[in-house]
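Chains as they are written, first to last, in this note's numbering: chain A, 84 to 406; chain B, 84 to 406.
Where hints are given, some of them may not hold.
[As the list claims (entries may be wrong)] Mimicking EDC-like on lysine to aspartate or glutamate, the simulated pairs with C-alpha atoms at most 16 Å apart in a straight line are:
1) K387/B / E348/A
2) K387/A / D303/B
3) K343/B / E395/A
Keep in mind the hints are simulated off the structure, nothing from the lab.
There are 2 protein chains.
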Amino acid sequence: MYRKEIKVLDCTIRDGGLINNYQFSEDFVKAVYGAVCDSGVDFVELGKKLVVSEEYPTSVYGPWNFCDDELLKKIVDSHPNGHRPTLAVMFDVGRVDINSLKDKKDSPVDMIRTACYVPQIDKGLDLVKRCKDKGYLTTLNIMAVSAAIESDLMGALEQLRDVKELDYLYLVDSFGAFYSEQITYYLNLYSKYFPREKLGFHGHNNQQLGFSNTQQAIIDGVNMLDATINGIGRGAGNCCLELLLGFLKNPKFDVRPIYKVIQNEFHPLRNEIEWGYNDIYGISGILNQHPREAMKFRANKEKKDNCFDFYESVTRQDINTIE
Amino acid sequence: MYRKEIKVLDCTIRDGGLINNYQFSEDFVKAVYGAVCDSGVDFVELGKKLVVSEEYPTSVYGPWNFCDDELLKKIVDSHPNGHRPTLAVMFDVGRVDINSLKDKKDSPVDMIRTACYVPQIDKGLDLVKRCKDKGYLTTLNIMAVSAAIESDLMGALEQLRDVKELDYLYLVDSFGAFYSEQITYYLNLYSKYFPREKLGFHGHNNQQLGFSNTQQAIIDGVNMLDATINGIGRGAGNCCLELLLGFLKNPKFDVRPIYKVIQNEFHPLRNEIEWGYNDIYGISGILNQHPREAMKFRANKEKKDNCFDFYESVTRQDINTIE
Chain A
84 MYRKEIKVLD CTIRDGGLIN NYQFSEDFVK AVYGAVCDSG VDFVELGKKL
134 VVSEEYPTSV YGPWNFCDDE LLKKIVDSHP NGHRPTLAVM FDVGRVDINS
184 LKDKKDSPVD MIRTACYVPQ IDKGLDLVKR CKDKGYLTTL NIMAVSAAIE
234 SDLMGALEQL RDVKELDYLY LVDSFGAFYS EQITYYLNLY SKYFPREKLG
284 FHGHNNQQLG FSNTQQAIID GVNMLDATIN GIGRGAGNCC LELLLGFLKN
334 PKFDVRPIYK VIQNEFHPLR NEIEWGYNDI YGISGILNQH PREAMKFRAN
384 KEKKDNCFDF YESVTRQDIN TIE
Chain B
84 MYRKEIKVLD CTIRDGGLIN NYQFSEDFVK AVYGAVCDSG VDFVELGKKL
134 VVSEEYPTSV YGPWNFCDDE LLKKIVDSHP NGHRPTLAVM FDVGRVDINS
184 LKDKKDSPVD MIRTACYVPQ IDKGLDLVKR CKDKGYLTTL NIMAVSAAIE
234 SDLMGALEQL RDVKELDYLY LVDSFGAFYS EQITYYLNLY SKYFPREKLG
284 FHGHNNQQLG FSNTQQAIID GVNMLDATIN GIGRGAGNCC LELLLGFLKN
334 PKFDVRPIYK VIQNEFHPLR NEIEWGYNDI YGISGILNQH PREAMKFRAN
384 KEKKDNCFDF YESVTRQDIN TIE
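In isolation and in its complexed conformation, chain A is listed as follows (with noise of 0.2 Å):
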């Protein structure tokens, strides 16, 4: 597959985080920047910006929760030459302070991204066009939208229509829940109200879908795509970037930098951490859930692998809540 006008976000530290509490060292991102940067990756995204706090520590949350604007410049820093992708970093709406946000000209960062919930789409696209009156490159993802009821996203995206300070609209399957024809419609449904060619996509892997349906959204003409190295991320994870490199066929992307870092950093990280697609994610999928179930299951060594348990504990429950 080529197409000129695709860029690829990698967003390894910020979906990655996740998992980790954003308690990469310094080193390990620097590698991740570095082989992004070789590989010819159009943007990165280095984390969450959100705002340090007595309730949301560094020492607890993590460096790359919170993205401080020296850090940055130390990352981006230690690879000097040669391609340098988009800069990106990620806020949570009701978590910043969008009012210590630099002017884009005084930050390393480029793009802000901005995550909400359908229910949240009004604080969400303030934030947006305040991260424009500042200059940023600005996206819009909206979460979740898998369980939203379809009128509500509808209205959502009403509200999102002609809104000039908004640069990507995105797509996101936070549940790992679609397939290749609810891709399709949903990405229909964005193009009634947001440009086509504006719009973005961001999977998780529940399904062992994670790398198709971006194959999906591509052939649907987006040409956004999320993918993280690896597929590190949550829970089930994502879209390996490796997978997605080998896919498209523009010269320039090179994957070898990316099966380097692989090869070197990602391959022990996984003596320490664990995602990936299993039978728990792959339920959690299915059923349409949010992963927090799932994780939790899998946190219990002894029995996180009891895939009919767990099975049955989510169907039943469902049973007997539910009226």
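Dock chain B against the given chain A, drawing on the hints supplied.
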């Protein structure tokens, strides 16, 4: 997805046997057979039916490479009540003795699936006709079509046109190299020669596309789908039966017996043999290569995760040896 014509074939023992020389214990096969029965799956393939010889003794190549009728009867009789899937075995061109095959009425086997490469299509077709003469349901599974010259493939398909002895013709993605649009392309090609409603699909999971490609085959009108429990199978394995049943909304299927046998039998088995997606098989799939190099690489316990080294070795090898 619901379409009443859709049939599922479990080939857990047959494809899984490729990674342990068909050395599954009788108890394991009984557990698989019982789970498949209880899940309502339509077909089950319990191995190959090759000819025993001095060169290929049962002691080395395992009982499920030869599927003696008495052995099959023991398995079938171990689960006498409830739904009974149609029982299949596989023929490999050149390694079977058609004359020793009993008539269907005297055998526990219902269906014989003949596997062949494109250049073997004459021999494969001859076996299909002879099996039909003896009263069996038949399939022809053309392997490795992603590596076949297309005009050769079309010549092979031409020979299959209107062959009434052939009940199902399979598109097989032996190298796990295809993605959705290629599945559609090849199915359209096949359907020019053979009725679409009698096509089957057998995928591999090298690029995490085993399940999604099976979904694409369904979307494209294929009604006969192969899958294995927990995706067990050569190299990166196959489409996971549990994911497929979760996707198919037919109430005749019950996924719970499959999760039960995974929890009780397949999870412990992972301590003995390896299957499923990893970086090495991903590279093999992207490069449309036979998995043998990848499997050889995985056999080296110390270096099996060195994906960069593998990528370099297989791509440089190509440069050096092809003119």
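Structure-based check of all given hints:
no. : hint            : result
1   : K387/B / E348/A : holds (15 Å)
2   : K387/A / D303/B : violated (37 Å)
3   : K343/B / E395/A : holds (10 Å)
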